[in-house]
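Produce the complete structure using the sequences and hints provided.
Chains as they are written, first to last, in numbering that gives the first Met the number 0: chain A, 0 to 164; chain B, 0 to 545.
A few of these clues could be false.
[As the list claims (entries may be wrong)] Have a look at the derived ranges for each label pair, beta carbon to beta carbon: (1) B/S244 <-> A/N121: 27 to 33 Å; (2) B/D137 <-> A/I17: 38 to 44 Å; (3) B/G185 <-> A/P5: 29 to 35 Å.
These are calculated hints, taken from the structure and not from any lab test.
Quick reminder that beta carbons are idealized off the backbone N, C-alpha and C, glycines included.
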Amino acid sequence: MTTFTPPPLPSDDKRWKIVNGTMRKNGFARHALIETLHTVQSAFGYLDDESIRFVAQSLRVPLSQAYGVVTFYHYFSLKPLGKHTLTICAGTACYIKGADKLLAESELKLGVTQGQTTPDGNVSLMTARCVGACSRAPVVLCDGEVSGEMSREQLIEQLERWTVE
Amino acid sequence: MTLEELELIVRSVRQENAAYDYEVNVCMDLACASQGAEKLRESLVAAGDASDKKIMVRRTGCMGPCSMGPLVRVDPDETLYSHVHASHAERIVQSLGDKPIPDLQCDLNEHFDKQVRVVLENAGYIDPERIDDYIARDGYKALLTALMEMTPYGVVHRITESGLRGRGGGGYPTGLKWGTVAKAGGDTKYVVCNGDEGDPGAFMDRSVMEGDPHRVIEGMAIAGYAVGASKGFIYVRAEYPVAVSRLTTAIREARRRGLLGNNLCGTTFNFDVEIRLGAGAFVCGEETALIASIEGRRGTPKPRPPYPAVSGLWGKPTLINNVETFANIPPIVRNGGKWFASMGSERSKGTKVFALTGKIKNTGLVEVPMGIKLREIIEVIGGGVSEGHTFKAVQTGGPSGGCIPAEMLDLGVSYDALLKVGSIMGSGGMIVMDDTSCMVNVARFFVEFCMTESCGKCIPCRAGTAQMYRLLSRICDGSATMDDLDMLEELCATVKETSLCGLGMTAPNPVLSTLKYFRNEYIEHIVHKRCPAGVCNIHAPAEVLA
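And the structure:
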C-alpha cells in the first residue's frame, strides 16, 4: 500500500491552513467533503475552481463528485458576493405575508434578479429557504442581521443607505 | 458521573439560585433577538448591578409567544412582560418586590392554559449554554437512570409503551423503529438526529436545538444505549448558525462532565456525538438522502428497502429520528411510558409542538396535547385572525401537507385525522391564511418549492413538478382552460403514485387539498379570469372587461 501525501497548499494565503485544518481533523476522510467545502466558503466567501480542485485532490474525491456536491447544495456559491448582502426569506409564512412583493421591489431597485450582484459589486440579492424566524414574517437579512416585519419603505430605506455609502 | 454526583450538582445550583431574590429571564430566541433582546439584557444587568436587590439576569430560549417579543419573565412571581425595550430595564428592576408594571405586563393566560409542555418544559427557564441549568431541571437523570437501572431492552419497551410516534411528520412508531435497530446484527451502529428542518415556515426544531440543546443530546445517548450504538450524528441546517454553536457548546460541556465519551457512568457504554452541517437542500430531510449527505455526497434518496434501520450510514444499521422525537425521550424515560400514553388521543400520544405563523394574532411556538381541536389552537391559543378579516384555511405539513378549510376546524389534531382530510401532521408548521390569501397562489408556491428542491433523480418528480408548476402558473395568470385543470389532476395522481421518495410522493398534496376544498377558486381563475383574493395578477382579456 502506498501512503497518500496530500497536495501542497495552493498559496501561502493563511486561509488555506484553516481549510487544511478541517481536513486533518477529519483524517482526510472522503466524507469530510461537505464539511471542508463549508470551511472554504466561510474563509474565502465563495468556492472557485482552484479551491474545489485542491479539496478534491486532498480528500481523493473525483473532481466530478466535488463539483456535483458544490452545485447540488444551494448554500455553496461559485461567485463572490457583493460588499453587502440582502437576503429575503422565501419561506411560506414570509410568502403569505408578502415577501414576493419585497423581492420584486428589490429587484426593481437594484436592477438585478435574485442570486445576482449589482455590477458595481455593492449589493448581492439573495433568497433563503426559511431562516426560522417565521413568527416575525416577512423576514429580511441585511448582511446576515435578521429584521422582522419588514415593510416596503424600510427595505427601500436600507437599500438607499447602502448605495450612499 | 453518577446519579449521586448529579444530585450534588442539582443541590449546588439550587443553592446558588437561592442567593438571588429575583430571576429576570430574557428570551433570546431569534424573534426576540432581532428586536434588541441582547441590548435589553445588558441594560437589565447594568440596572441590576446599580440596585441593591439581588437579581440574576438569565438569557433563555424561546418562551413561545414571539409576536409579543422581546419577552421578559420575572420569577418567582412569573410575571410576563411583552414588547420590552432596553429603556424599560430600570423600571423593571425598580418594580421588583413591588407591583408589576401594568403597561408592560401581558395577559396570556388563555394562550398558556391550553398548552401542555413536555418538549418545551425547559424553554424559557434555562440558559441553553449552561449545562448546570439543564441538570438542575432533572437533566441527564433519565440517561443515568437508564444506564444504571434499565436494560437496553427495557428502554425500548418503555418507548414502545409510551406510544410515541416519529415527530418528523411520518408518524412511524418510535419504539418499533428502535426495536428494529436493536435487533439488527453487527458491532457498529449509528444514531442520527434529523435537524434538517426544511419545511419553510416551521421552526420548532430550531427552537429546541437552540433553547434546550442538552435535551436532544440526552435523547440521542439514551437511544444509543437502547439500540447498541456508540456514535451519533446531529445533522443541522447551515441556515441555523446559532443552533450549531449552541449544540457545539452543549456537546463540549457534556463531554467535560463525562456525560458523553467512554465508559459513561462507570459502565461499558460509550457514546459520542458529532455535528454535521447541511448545505441547503430540502430533500436531505428524507432519511436516505440525509445519509448520503452525511457521507459527503449529493443528497439523493435511495429506494427502500433496505431501510436505514438495517442498512444505513456506511451500510450499518442506523436509527434516524427527528429532533422533537429525541427531545421527548428523556421525560418518557424519567416518568414512564404510561405517563406519556395518558396524554393525547387514542393513536397519537403525547404532545406536539407547532410553529403558529401567518395571518394570526399570536404567532409563535405552542405545545399542545394531541387530539386538541384545530379551532382551539387557532382561536384561543392563536387569538384568531386579525380584525376585519375572516379565517380561510390553515396549512399543515409544509410542502408535503395540505390546507384545511374553516368548516373542518373542529377536527382533533392527530396523525390519522390530518391524513384523512388530505393533509399531514408534518414536522409542525401551521400557517394560517385569511381572506387575503389566494389558495391557487399558495399551491403554486409549494409546487415551485418542490420543483426547485427536487433532486432530479427520478422523472415523475423532476419533470412532473415542473409541469405542475407550469399549469398552475397559467391558472394564476388567467391563461388556463378547463383542460389544463384536468391535466393538472391527472399529473398530480401520476407524481404521487410513481415518485421515488417522500418529496415527490407528497408534492401534489397542496394542490390536491386546495382542489378538494377550494375548487371554486380555481374555476374563478380559469373561467371568470379573476382572483377572488386579489393576489394574482390577471390581465383580463378585453371581452371580459367589456
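Hint numbers contradicted by this structure
Violated hints: none at all, because every hint is consistent with the structure.
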